[in-house]
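Using the sequences and the hints given, assemble the complete structure.
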Amino acid sequence: MTEKTQEDEITEKINNIEIHYNVMAFPEWWRHGVKCMHPERGVVTLNIAPDCEYWFTNKSGEQVEIPSWRICEMWPVPQANDAN
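Position in the sequence shown counted from 1, then plus 1232, gives you my numbering.
To be clear, the hints were calculated from the coordinates, so they are not data collected in a lab. A hint or two may mislead.
Cross-link-like lysine to any residue pairs, in silico, SDA-like; alpha carbons within 25 angstroms at most [said to hold, decoys possible]:
| # | residue 1 | residue 2 |
| --- | --- | --- |
| 1 | K1291 | F1258 |
| 2 | K1236 | F1258 |
| 3 | K1291 | G1265 |
| 4 | K1245 | K1291 |
| 5 | K1236 | R1263 |
Bear in mind the structure is a predicted one, so any value in this text is a computation, not a measurement.
Put into structure tokens, the structure is as follows:
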């Protein structure tokens, strides 16, 4: 039995990756009014309209731009959400 090289392990991982194009799953915490932390914007509030449009606002209530592809960098702020 031969040992796997690092190259073999990488190749195996690449072969096991399933690629899904144009599919975005929202995080489990995704709901209207949730306060979440963004690495650059700080604490922001998620707003979701009845037609499913969404946007983020800062502490002053001003809309802040966060590209959809950066949502994966965010996480909910439990203390801020428990206070509501």
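Okay, the hints, checked on the actual structure:
| no. | hint | in the structure |
| --- | --- | --- |
| 1 | K1291 <-> F1258 | 23 angstroms, holds |
| 2 | K1236 <-> F1258 | 37 angstroms, violated |
| 3 | K1291 <-> G1265 | 12 angstroms, holds |
| 4 | K1245 <-> K1291 | 42 angstroms, violated |
| 5 | K1236 <-> R1263 | 45 angstroms, violated |
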